[in-house]
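For reference, the chains in residue letters:
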Amino acid sequence: MASCTYSVPDKNSTGDNFYGQFICKQVYVDYFWNTYGFNGNKNYWDDGFGWDDCCNTNQPLARTFNACYLLTYSADDYLNDNYDAPQNILQWGRRFVREKIDDLRSMCGDGSAIAATFGSDRTELYLGFFYTKDVPGRAETLCHEARHYDKPHNANFPAGSVFGAGKSGADSNWDYQGAWTFGAGYLWWFFAAGARTTSALRERARQRGNLVIDNAFATHPGFNI
Amino acid sequence: MEALQFILIIISIILGLIALALFLKSRRTDSKLPDGPSPTNDSSLKIQVVAHPFNFSDDPGNPLNDQIVEAVNRMGATGKDAEEKFQNCLERLKPNADKVTVILLKEYTGMPEQQYLDRWSVVQLLIDLKHPSSLPFFDKLLQTPIPPERFSDPSFTSSVGEEVIIRTTAVEGLVRMTKENNDAAAQLLLQHITHENFSVKRACIQGYLEAGGNNARERLEKLLNENDRYILNIKRQDVRNISQPKANRTTPRAKLNDKPGMPPPFS
Numbered sequence: 001m002a003s004c005t006y007s008v009p010d011k012n013s014t015g016d017n018f019y020g021q022f023i024c025k026q027v028y029v030d031y032f033w034n035t036y037g038f039n040g041n042k043n044y045w046d047d048g049f050g051w052d053d054c055c056n057t058n059q060p061l062a063r064t065f066n067a068c069y070l071l072t073y074s075a076d077d078y079l080n081d082n083y084d085a086p087q088n089i090l091q092w093g094r095r096f097v098r099e100k101i102d103d104l105r106s107m108c109g110d111g112s113a114i115a116a117t118f119g120s121d122r123t124e125l126y127l128g129f130f131y132t133k134d135v136p137g138r139a140e141t142l143c144h145e146a147r148h149y150d151k152p153h154n155a156n157f158p159a160g161s162v163f164g165a166g167k168s169g170a171d172s173n174w175d176y177q178g179a180w181t182f183g184a185g186y187l188w189w190f191f192a193a194g195a196r197t198t199s200a201l202r203e204r205a206r207q208r209g210n211l212v213i214d215n216a217f218a219t220h221p222g223f224n225i
Numbered sequence: 001m002e003a004l005q006f007i008l009i010i011i012s013i014i015l016g017l018i019a020l021a022l023f024l025k026s027r028r029t030d031s032k033l034p035d036g037p038s039p040t041n042d043s044s045l046k047i048q049v050v051a052h053p054f055n056f057s058d059d060p061g062n063p064l065n066d067q068i069v070e071a072v073n074r075m076g077a078t079g080k081d082a083e084e085k086f087q088n089c090l091e092r093l094k095p096n097a098d099k100v101t102v103i104l105l106k107e108y109t110g111m112p113e114q115q116y117l118d119r120w121s122v123v124q125l126l127i128d129l130k131h132p133s134s135l136p137f138f139d140k141l142l143q144t145p146i147p148p149e150r151f152s153d154p155s156f157t158s159s160v161g162e163e164v165i166i167r168t169t170a171v172e173g174l175v176r177m178t179k180e181n182n183d184a185a186a187q188l189l190l191q192h193i194t195h196e197n198f199s200v201k202r203a204c205i206q207g208y209l210e211a212g213g214n215n216a217r218e219r220l221e222k223l224l225n226e227n228d229r230y231i232l233n234i235k236r237q238d239v240r241n242i243s244q245p246k247a248n249r250t251t252p253r254a255k256l257n258d259k260p261g262m263p264p265p266f267s
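Line order of the protein sequences matches chains A and B.
Residue numbering for the first sequence follows the working numbering, starting at 1 and increasing by one per position.
Residue numbering for the second sequence follows the working numbering, starting at 1 and increasing by one per position.
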């Protein structure tokens, strides 16, 4: 059995303290567990990952529930998750993630990645997902991984890319509509129209979105957030 | 006799059902989460909780410390009044912004490199406070070389990327101050338009273009080398004006059709 440890600040800017007070209600616990691919995976969420303490936002399960809460309720009209235009990914992101990810697991990981997607519906989340990402960043990651069930990356990172210049893992361009477009698009909408959040978290989403736009496409889209 | 046997069978079935119901109920109240059979996990996790990411070793009893912790914590707030309460924290800090800036700069310097999110939150708090005494720090931060990549596979999360986010947030601070006619901030933007990292360079150029006044474009055209002038054409856009992510309309698995029972957001 792989075992891992992590030092967690109780109060910092991730958003976990505040989202955490909401996700602890049983109605949300049940909804998220049954909706976002946790169901059937108790053994992947116990042993310190939070199954027996699902309100504890220092542990991975509650931190993932926080991302689910943000994903579910950050659109002003959160009930409308229709895919048809003029709807946007802030509205249908939650539907997309729940339709694609049916098997969501937590693991220590080896430190090289924060999440990975396998087969037709399995997504694994690693320590970096829970502890290096703020809550919007976790929602971005879920959108990114969910898109991988439709499309792989199809290009190498451009010269100077922080994600590994010349290595595979990039999308050719914005209109390829790959995982990077979905992740950056979610952050962009969260920055522009995210509800029930703060200007600081929206600014963080903008900066991460711009990092993706500048570094994750073989051809720069020619715009920024 | 047959009637007696029938009654005994019925009673046995009823008792069996009651026992089964009690068993299921006891299992349900043991935990908060329903679950079915699942494969075996191979990971276990132990966490160590610390109160907050700061040290405050110079003056542990300073009442501003608690206000700083509260402001950083409130950055992540959610709910209808999230922004209002975050702004209230900033307002409480602003009368002492000079002292708060000194504390924050000391804390930033003492933070381990790998605490990227916490380092970012200090820079974000500085740009929200907009105190001029943070300008030399922003300048120094932008001059500091970005440390080498720490992750073996940076293809989604990159330590260099985290360093860049910290720096582009500092650039945003310069842009905000430039918009408030702070010439020193505008000069710092211009000074860093040749930054080694593309995103930082792009942020400085776009920021100056946005905040640097009527002649900003001409000034940038003169200062930028030919290879970088194309960056002037990369525009900040409203998300409503770009090509939108589009989900494929595939047939969802039967169990994944619209889920009933979504509760309303907590208010």
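Hints in this document: simulated from the structure, not taken from any laboratory.
Glycine is no exception: its CB is placed at the ideal position from the N, C-alpha and C atoms.
Please note that a few of the clues may not be correct.
Listed next, the stretches of chain A that the computed footprint assigns to chain B, with coverage defined by at least 3 CB atoms under 8 angstroms from CB atoms of chain B [to be verified]:
| # | region |
| --- | --- |
| 1 | 123-135 |
| 2 | 198-208 |
| 3 | 212-224 |
From the derived model, a few chain B residues whose C-beta atoms are all more than 12 angstroms from chain A [as the list claims (entries may be wrong)]:
| # | residue |
| --- | --- |
| 4 | GLN5 |
| 5 | ASP59 |
| 6 | LEU64 |
| 7 | GLY212 |
| 8 | ARG229 |
Non-contacting residues of chain B with respect to chain A, defined by C-beta distances greater than 10 angstroms in every case (computed) [claimed, not checked]:
| # | residue |
| --- | --- |
| 9 | GLU91 |
| 10 | PRO136 |
| 11 | GLU162 |
| 12 | ARG219 |
| 13 | ILE234 |
Ascending list of hint numbers which this structure does not respect | 11, 13
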